[in-house]
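All chains should be modelled from the sequences, with the hints used to inform the complete structure.
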Amino acid sequence: MSDRTGSKACRAGSSGIRRGEAVAGWVFTAPVVIILGVFLLIPVVMALWVSFSDWGGRGSPLSGRVNFVGFDNYTDLLFESGLGARDFGTAIKNNFWYVVLVVPLQTALSLFLAVLVNNAVLKGRGFFRTAFYFPSVTSSVAITVLWLFLFTGSGVINQILAWFGVHGPNWFNDPTGVGHALLANLGIEQGPEFLTSHGFLNVSWWDWLSGPSMAMTALILMAVFTTSGTMMLLFLAGLQNVGHDVHEAAMIDGATAWQRFWKVTLPLLRPTLFTVITLGLIGCWQVFDQIYTGTAGDPAKTTLTPAYLSYSRAFRQQEWGQGAAMAFILFFIIVIFTAFQRWLLRERTPKQPKEKRKPAAEGAR
Amino acid sequence: MTRKQTRLRWRALALLLVSALVLAACGDDGSEGGDGDLTSSDDPITVLIGSSGDAETNAVKEAVAAWSAESGVQAEVLVATDLGQELAQGFASGEPADLFYMSPDQLVGFAANGSVKAYGKYLDNKDDFYEALVNNFTVDGEFYCAPKDFSTLALIINDAMWEEAGLTADDYPTTWEELTDVARKVTTDDHVGLAFGAEWQRIGVFMAEAGGALVENGNAVANSDANVQALQYVKDALNEGIFAYAADIDAGWGGDAFGKQVAAMVIEGNWITGFMRNDHPDISYTVVELPAGPAGKGTLQYTNCWGMAADSPNQQAALDLVEYLTSAEQMLKFAEAFGPMPAVKSAADQWKQANPSMVAFLDGAEYAQWQPVVAGIGDVIGDFNAQLGQLKTADPKAILDQVQSNLEAILSE
Chain A
1 MSDRTGSKAC
11 RAGSSGIRRG
21 EAVAGWVFTA
31 PVVIILGVFL
41 LIPVVMALWV
51 SFSDWGGRGS
61 PLSGRVNFVG
71 FDNYTDLLFE
81 SGLGARDFGT
91 AIKNNFWYVV
101 LVVPLQTALS
111 LFLAVLVNNA
121 VLKGRGFFRT
131 AFYFPSVTSS
141 VAITVLWLFL
151 FTGSGVINQI
161 LAWFGVHGPN
171 WFNDPTGVGH
181 ALLANLGIEQ
191 GPEFLTSHGF
201 LNVSWWDWLS
211 GPSMAMTALI
221 LMAVFTTSGT
231 MMLLFLAGLQ
241 NVGHDVHEAA
251 MIDGATAWQR
261 FWKVTLPLLR
271 PTLFTVITLG
281 LIGCWQVFDQ
291 IYTGTAGDPA
301 KTTLTPAYLS
311 YSRAFRQQEW
321 GQGAAMAFIL
331 FFIIVIFTAF
341 QRWLLRERTP
351 KQPKEKRKPA
361 AEGAR
Chain B
1 MTRKQTRLRW
11 RALALLLVSA
21 LVLAACGDDG
31 SEGGDGDLTS
41 SDDPITVLIG
51 SSGDAETNAV
61 KEAVAAWSAE
71 SGVQAEVLVA
81 TDLGQELAQG
91 FASGEPADLF
101 YMSPDQLVGF
111 AANGSVKAYG
121 KYLDNKDDFY
131 EALVNNFTVD
141 GEFYCAPKDF
151 STLALIINDA
161 MWEEAGLTAD
171 DYPTTWEELT
181 DVARKVTTDD
191 HVGLAFGAEW
201 QRIGVFMAEA
211 GGALVENGNA
221 VANSDANVQA
231 LQYVKDALNE
241 GIFAYAADID
251 AGWGGDAFGK
261 QVAAMVIEGN
271 WITGFMRNDH
281 PDISYTVVEL
291 PAGPAGKGTL
301 QYTNCWGMAA
311 DSPNQQAALD
321 LVEYLTSAEQ
331 MLKFAEAFGP
341 MPAVKSAADQ
351 WKQANPSMVA
361 FLDGAEYAQW
371 QPVVAGIGDV
381 IGDFNAQLGQ
391 LKTADPKAIL
401 DQVQSNLEAI
411 LSE
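Listed in order, the protein sequences are those of chains A and B.
Throughout the first sequence, residue numbering follows our numbering, covering 1 to 365 in sequence.
Throughout the second sequence, residue numbering follows our numbering, covering 1 to 413 in sequence.
Be aware that a few hints might be false.
As the list claims (entries may be wrong) - Facing chain B, according to a computed beta carbon distance under 7 Å, are these residues of chain A, among others:
| hint | residue |
| --- | --- |
| 1 | Ala85 |
| 2 | Pro135 |
| 3 | Thr138 |
| 4 | Ala142 |
| 5 | Gly153 |
| 6 | Ser154 |
| 7 | Ile157 |
| 8 | Gly168 |
| 9 | Pro169 |
| 10 | Asn173 |
| 11 | Lys263 |
| 12 | Phe315 |
| 13 | Gln317 |
Stated by the list, open to error - Here are some of the chain A residues that sit facing chain B, going by a computed Cβ distance under 8 Å:
| hint | residue |
| --- | --- |
| 14 | Pro43 |
| 15 | Ala47 |
| 16 | Ser60 |
Said to hold, decoys possible - Per label pair, the in silico range of CB-to-CB distance:
| hint | chain 1 | residue 1 | chain 2 | residue 2 | range |
| --- | --- | --- | --- | --- | --- |
| 17 | A | Leu41 | B | Asp82 | 47 to 57 Å |
| 18 | A | Leu48 | B | Asp124 | 40 to 50 Å |
| 19 | B | Ala295 | A | Ala296 | 32 to 42 Å |
I should point out that these hints are in silico values taken from the structure, not numbers from a laboratory.
Note that the Cβ used here is the ideal one computed from N, Cα and C, for glycine as well.
This is the structure in structure tokens:
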């Protein structure tokens, strides 16, 4: 808010003595504008064009040999029933479950960790902060390899499960959906007719209910493990901006620690929460490295994600138009999810103490 | 919106258009005549390979350097870390490598977008290649590129486990019944009888042995009775516990299972010999032909070719280099250095003499099947493989019906 009024004031004074400043301003920003243009804007616009073209990967996509094909690439993915469209539907389904599980889990865990290490009485705070942040700075490829190793059929995880009498699955080779497994426990092995015969994006409703496969579950655990550290850092910054006076006031009013967390801390963390969830949503919908280095979509395509599929469609099958179209569909999905959570987290009470909100928001950045 | 803002927007848009035009101009100059003649110039030759290791890299570098000295054309060998991606980048930039490794899989896509040159008909030694290999690189009746070498699948047997089960060389299985029988005998608590990857690339041998195939004369025949019979045979043996997928016994692939000694037999290709020599030199094994099924012998073959870029400015020299690299003499050198078999008939006898223990691989060449050469086949087989993972509990006919409908879809395109 205050930003905008500031720049307005500047603009009003852009005539007369301050005239040369505009030129200087452009000169100073030129490097960034050019770099962003060349490495960000132009590639994005070109990718958008590719998604509407029949470019096959030879020569420039802007050459005369390339034709405009309208929404063909998009309709092929969304409204056809061939193998390509089915794979895309499967990828969306897999990633949907990934997002639905990772985002809440990582948000809750990172908030919990942040509250823990923000505690003034905790001994060795520095150690714990570093320890929790460590997975985030480690290369995701290294962690994926570690994970593949931990989650083999006779791996460490299954040996620990065996102590409790649980016979662990062969994680990265088990395509059984968690949802289907739970339903099977209730005695429902086959989906009812109205679920199996109808569906969305070439995936039947019954298959949507399958939930993440065992392999995907292992990847979900990994994502929570690796990203919570970063998110914790954001929450920590937010928490440190919550003034001690507010807590004191709440204490004087007789609020318990539990009440103070839910009624004072959490509402004041709203901007941070928004940042964390948004970053989480974006990161989760774009999951790629773990799939590329770890599973390549196996087993039974249950770890296929749109980002990986987009890559393989383009680079392996030379279907560049469809690959680019997938990227833009993914973009819209992310926008929709972000808008939805923004609406969910909107301020319902009209007035909030302003001076508290701003620093918190800055901390979040 | 103020006037200044509007003006800025126009400026930004203009900048964008100009840069787009510049990019377009850059991309357009790579056009060629397109009448089938090879280009010729003084440009040096770049060779891009996806190498299996130092042995292969050095062998190729040596050969190319020798040719370079002989012909006077400069040539450089580059090793790709991700060949498919680097090729795609090269083609998009308009300045691809002149020669490169290419699989039949990749050929279909690159032929469709015109990135590769069909130079097969210009080769002096084109009649010396095995016909099956030439078919691997023939799209729409055009022989695209020269096969650089090939491998087939065979049955690899662990000698120690074989003896332990009281079996001798007379017991090497020649039929499915015998295979079931010996697999049952060598299976113990520590290892299964036979292991292979959960993919058509291995299980396809059973389909071939039963008389099945994926595509015949341009028609999809995936759900034939022969294929159903083959999958049923594999399914029964998997459920009995005498066969196993490599992944189910904590192995990355068949060779891994063999090296870890969790399988007494595996179905693998020539590449396993190099792997065993390097990683498990103490395990003694025997390579025999795969047992015959109801319809006779069957196996699958794998090959790569020397792809040539359509945008290469010096195709004439590249062709000369390919002829040099695919001569019997040079192919035998490659075979000695890093494993796969020579792709030309004239080298067969010499190779057999030099590799008596691997004769079974070359014998398979006579009846081997290969992956159909049709756009989109990679996805179809990928989908097939995804379902083969569940073969233990799934209905073979239902799996094959889906493969059939997927195949029909890509064949009708």
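### Structure versus earlier hints, numbers of those that do not hold, lowest first
1, 2, 3, 4, 7, 8, 9, 11, 14, 15 and 17
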